[in-house]
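Undergrad: Full structure from sequences and hints, please.
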Amino acid sequence: MNKPFEPLEPGVARCPGPSTADIIRRDGDHAPAHLTQENYRFLGDADIAYSRYTSREFFELEKKKLWTKVWQWACRVEDIPEPGDYFVYEITDRSVIVVRTESGEIKAYPNACLHRGTELKPAGSSGRSKNLRCPFHGFTWSLEGALTDVPCRWDFPHISDDAFRLPELKVELWGGFVFINFDRDAASLAEHLGVIPEHFANWDLSEKFVARHVRKMLPANWKACLEAFLESYHVLETHPQGVMTVGDANSQYDVYGDNVSRFVHLVGYPSPHLGKSFAEQEILDALMAEAVVEGVHDEAGKLRVPEGGTARATFAQHIQQTFGAAYRKDLSHLSVTETIDAIEYHLFPNTCLFPSLLFPMVYRFRPNGNDPDTSIFDLFFLQPLPDSGERPEPAEMVELDFEQSFHEVPGFDPGLATIYDQDTGNLQGQQRGFKSSTKPGQTLGNYQEIRARLLHRTIDKYLAG
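Anchor point for the sequence shown: position 32 equals 560 in this note's numbering, and the numbering is continuous, going up by one each time.
Among these hints, one or two may not hold up.
[Unchecked claim] Between beta-carbon pairs, the in silico distance windows are: (1) 767 x 693: 21 to 27 Å; (2) 924 x 715: 33 to 39 Å; (3) 730 x 592: 35 to 41 Å; (4) 572 x 691: 22 to 28 Å; (5) 612 x 830: 47 to 53 Å; (6) 655 x 836: 53 to 59 Å; (7) 849 x 973: 26 to 32 Å; (8) 544 x 609: 48 to 54 Å.
Hints were generated in silico from the structure; no laboratory data involved. As the structure is a prediction and not an experimental result, all values here were calculated from the model. All C-beta atoms in this analysis are idealised placements derived from N, C-alpha and C, irrespective of residue type, glycine included.
TA: The following block contains the structure:
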């Protein structure tokens, strides 16, 4: 008989019924211990002011005190695999060139000529270059940042080669991502990552390749867009087609310090909102009918739950076999939860990472230039490298404007496209509602929306210096 959870803290409760950790334990396999270790903290219940999403003043504070001080990933290592490769990354009104030098080192420089400030490489560009040459007057630097050419050098007796080296940003690597930081005094990336390297120890993102990259323009502040993906509370209303096959109100929420939070969102376990039990075969049939990954549909109804088995375990084995064949890799070592559950880590400020086979996504949300009302959403699918170690070329980026649908992305699963359209379809109305409301702020749930509260709490620490 299902019993309500014990309150986490005074005024904080969770959905009645078995916990996410209990259900993962029932899988009876080798799930990583951290997935059944809950780590919730109550962080208060005050409203979050709408002005944080709409005001120019708050946006300017973020530009000055957040984006110039925080670790953020600029590109993937495979974007600059060879010496001479470069990638231009933009955040608000700043532009950065990330390059691989002749020695193979990765460096990052402000994308500005030291002569009269012109961008050395065009915004949004990438490619290969033997040097960094200003297109205006021809001042030139090596990939290592050394000044190598000044046209009419006789007219510049007042500059020295040492003083005119390109200034370097801090650069560190993790999981195949190139992180940059404008603040030379910033703590290490390892400190910023917190528990993530430990929790991803069996999920090396550097051993993945970019199988899909979609960039979508979104009509809301970057924080509102990110927050739409930090909780499962919205599933019942926004994704009603999925309640038969996903836990939502019983998702597990964890917070780890200032920079990292997580939810564990079950697949193959019906929503508690339905208020009834289902046969395992019913759940599996629904999973196969609603599967939102290419190649895993089972229209013929051939997949059966063995006697004494579960829909979760049967579905997980099917996913392992399907993906294993597609990517020429043995995936049978993965636990059920690592195979099919939506396990999402938020790394402050703007990245979401999934250590899951069925959910191979990485999200990044950035302000759209200097506009507090719009954002850039990068969606990556990172798939496992084949056992041969051969690394496929990264997928070409597909760009979607504000009004375009994910259904327009070639090869994108229609069911998954609908989910992303649903997720992003609320954002314009929310941004407008921020400005129309006579109530000055949003009221968050203490448990299910804890990750949004942590985001604002950490932003405030940056803004306070």
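Undergrad: Do the Cβ positions of residue 572 and residue 691 conform to the proposed distance bound of 22 to 28 Å?
TA: violated, 49 Å
Undergrad: Determine whether the Cβ-Cβ distance between residue 730 and residue 592 falls within the hinted range of 35 to 41 Å.
TA: holds, 39 Å
Undergrad: Given a hint of 53 to 59 Å, does the C-beta separation of residue 655 and residue 836 actually sit inside it?
TA: Taking Cβ atoms as reference, residue 655 and residue 836 lie about 57 Å apart, which means the hint holds.
Undergrad: Is 48 to 54 Å respected by the C-beta to C-beta distance linking residue 544 and residue 609?
TA: holds, 51 Å
Undergrad: Please test the hint of 26 to 32 Å on the beta carbon pair from residue 849 and residue 973.
TA: This hint is violated: roughly 38 Å between Cβ atoms.
Undergrad: Holds or violated: the 33 to 39 Å window for the beta-carbon distance between residue 924 and residue 715?
TA: holds, 36 Å
Undergrad: Taking the CB of residue 767 and the CB of residue 693, does the distance hold inside 21 to 27 Å?
TA: For residue 693 against residue 767, whose Cβ atoms are near 52 Å apart, the range 21 to 27 Å is violated.
Undergrad: Regarding residue 612 and residue 830, is the given constraint of 47 to 53 Å on their beta-carbon distance met?
TA: holds, 51 Å
When each numbered hint is compared with the structure, violations occur for hints 1, 4 and 7.
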